[in-house]
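There are 2 protein chains.
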Amino acid sequence: MQIIPFPARSDWHGLLARPMQSSAQIEGIVTPILEQVRTRGDAALIELTARLDKVDLSAKGLAVSPDEIDAAEAQLSDELKAAIRQAYRNIRLFHEAQQQPVQKIETMPGVTCWRKSVAIDKVGIYIPGGTAPLFSTVLMLGVPAQLAGCREVVLCSPSNHPAIYFAAKLVGVTKVFRIGGAQAIAAMAYGTDTIPQVFKIFGPGNQYVTTAKVLVSKEGTAIDMPAGPSEVAVYADDTAVPAFVAADLLSQAEHGADSQVILVSTSKKLLASVNLVLDSQMSRLPRRELAAKAIENSKAILVDTHADAVDLLNQYAAEHLILSVANAESVADEITNAGSIFLGNYTPESAGDYASGTNHTLPTNGFARAYSGVSLDSFVKKITVQNITKEGIKHVGPVVEVMAEAESLEAHKRAVSIRLASLEG
Amino acid sequence: MQIIPFPARSDWHGLLARPMQSSAQIEGIVTPILEQVRTRGDAALIELTARLDKVDLSAKGLAVSPDEIDAAEAQLSDELKAAIRQAYRNIRLFHEAQQQPVQKIETMPGVTCWRKSVAIDKVGIYIPGGTAPLFSTVLMLGVPAQLAGCREVVLCSPSNHPAIYFAAKLVGVTKVFRIGGAQAIAAMAYGTDTIPQVFKIFGPGNQYVTTAKVLVSKEGTAIDMPAGPSEVAVYADDTAVPAFVAADLLSQAEHGADSQVILVSTSKKLLASVNLVLDSQMSRLPRRELAAKAIENSKAILVDTHADAVDLLNQYAAEHLILSVANAESVADEITNAGSIFLGNYTPESAGDYASGTNHTLPTNGFARAYSGVSLDSFVKKITVQNITKEGIKHVGPVVEVMAEAESLEAHKRAVSIRLASLEG
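Residue numbers (the working numbering), protein chains in the order written: chain A, 1 to 425; chain B, 1 to 425.
Here chain B is said to cover these stretches of chain A; the calculated rule only asks that three of the stretch's residues, wherever they fall, bring their Cβ under 8 Å from a Cβ of chain B:
#, segment
1, 97 to 103
2, 126 to 140
3, 285 to 299
4, 342 to 352
5, 365 to 378
6, 409 to 423
Here are the simulated BS3-like cross-link-like pairs (lysine-lysine), alpha carbons at most 27 Å apart as the crow flies:
#, chain 1, residue 1, chain 2, residue 2
7, B, Lys218, A, Lys122
8, A, Lys104, B, Lys116
9, A, Lys116, B, Lys382
10, A, Lys382, B, Lys122
11, B, Lys394, A, Lys81
12, A, Lys104, A, Lys116
13, B, Lys104, A, Lys382
14, A, Lys382, B, Lys218
15, A, Lys382, B, Lys382
16, B, Lys382, A, Lys122
17, B, Lys81, A, Lys390
These aren't lab readings, by the way, just hints derived from the structure by calculation. This structure is a prediction, so every number in the text was calculated from the model and none was measured. Glycine included, each C-beta is placed from N, C-alpha and C at the ideal position.
Just chain A, with the same shape it has in the complex (with noise of 0.2 Å):
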């Protein structure tokens, strides 16, 4: 990969930038697929896939059955199911202690605040299709909605795969249904006779499914997060393992041409290590094309200090990073801007991926700035309560009539003022 050493601070924002994704020609042709399926919903639906997908559903239907799903399992080996069964116990330990216990503040004598978490009655979950069955984005999306309790939960997928069947089952996915594309997130979001409309879609996808997704997202169906290409920064030292380092840049690299990769050390050595074994491993992937392609337009980026690294990672906002450096713990105190961070030699951002317990929906493109990942958060509202006593409003009323008044709420006011006065004599 191309190494860039040293590089002006004024030249780190056109370094680090990310290719620009026109929306302008996608949205042209996402628009008339939601708008279709808004008005004619299931027919549409079948229309859509077998001219755009090649699919001919007219006959086995929109809905995966119970049965087909419950068959998944006999498909699968023994070590697959173990592994995912693993995960799945992973992911829903980490997930489990964000659950918050209700805290009531008194705020004055009486007036006592809280907030209740309640689950997103109805959530749906795209998985794309393509050469990888992302079972392991079921587990991802599942777990924290069914950790909250969500009581329909919606899958869709234009993959048969076993696995995504057998995730579905084990996360307590209610609906299963084999539609995909820009359309499977139209469903979702208006309902149709057979899919039932969901208030949150979360899941990856091509550029016509995260198009709907931003789009529906104006009209009040939430989503999880804008999404872009993946993508890896590494922050490594003289105490990386260079063929580690190499190995984490492919892991992403594999993900498609338009994965992000950026390298950054203080050692000019390191980098040239890491690139000595880079082509050597790349050279024995089953996906070394795409891989190239990413590792192409992907950089090494050397730096005169520590602090210009963290700085320059900070600007970045990558959704991965990993810190193969020494005291890598104290190192993460620094980061400010990330999705995930993974800290020293032995933790590969693929543990994450799959199994550490940590999300791996996160957030790509610099969107670290100001967005989290996907936690049990993420499916659940946060409904504040209050109540206030006869004494309480005592305390605080005239608080409240006072800036009723000078910010000219009239009504305000006397909604305060006539239980004030309910009260005296």
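Given chain A, put chain B in place with the hints provided.
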């Protein structure tokens, strides 16, 4: 207000529908404004402010000076300053309790995962102009930004009300600019020579501001939430005080003709009594014309049973929900969709609008089905971190290898295998 007796469930959807917002026309106006600010920065801001707001900033400049902000304190009554300080204290108390300690979870021996909360580095707060100077919103957005530790907190407002400046100083806003409208949102999203680019924008506004927020959010600037007209639903039984209920309905209605007000009861008598006092209370309000229009579009819905009332309220998903009923706290447990809940006869919505401690930036337009109101969470990202030891990779590694292979992601597998191999022999 119009009493609707025992509507059929099939009619609820239409009955509870919010007025449609047509955004296409407004997007056509807002898009060129964003574009001008993006390409021409400060010059465009000065031109747009002159043209749209009829304010000449060419001499004064965009920034409000620290002297101007300091001078605000002397222009406010001691009573108002004390009230603002008390509200600040209550809001701070409630939001402080939302801080979450770091919890390290060992999902397998040697595999440790945790989340750390990190402030969003730069945030923007928008406060509209207009008749009501919303200094309360400066507190509601500024307090959690301050608690989170956001380094840069930019406030844009076309209002120069001293209470806004006083509140801004109290919460530690770092920069204040005298601009409004879609152009202010653009300035914070893109940055100009004078105005810092921020990563997330908060605050209410008219349809132009809201549309600008939605448009910049598609480009990567996060926003608090999509916003519609403010709403209240009141559920009242014969233990409610009709005059209090009427006052609460009016405090919502005075926000504007498009405010949404819904009253639900199983008691015909209560509905009639509320209607009786509503008119006389309204006639004495300064903003009675606005309120009357909102009340005209509002609905008093008579339902058969408590279960019907709860179902209807959950379907509506009100921004504010007042439960003026016996056993209000246990009824609140049945509520799954609402922004904020107010319990009993002495908890008016206006207490939460100003000073109880809860946040008043809440999901409107039914978004409470999937969105929470603003909280400390809104100003931080939660970054996951994982640390795997040599022992840990021996435990989790084989799980990752099996799953990665089943997903046909060979490089993901090898990033683990190469580490496991290094630990053998």
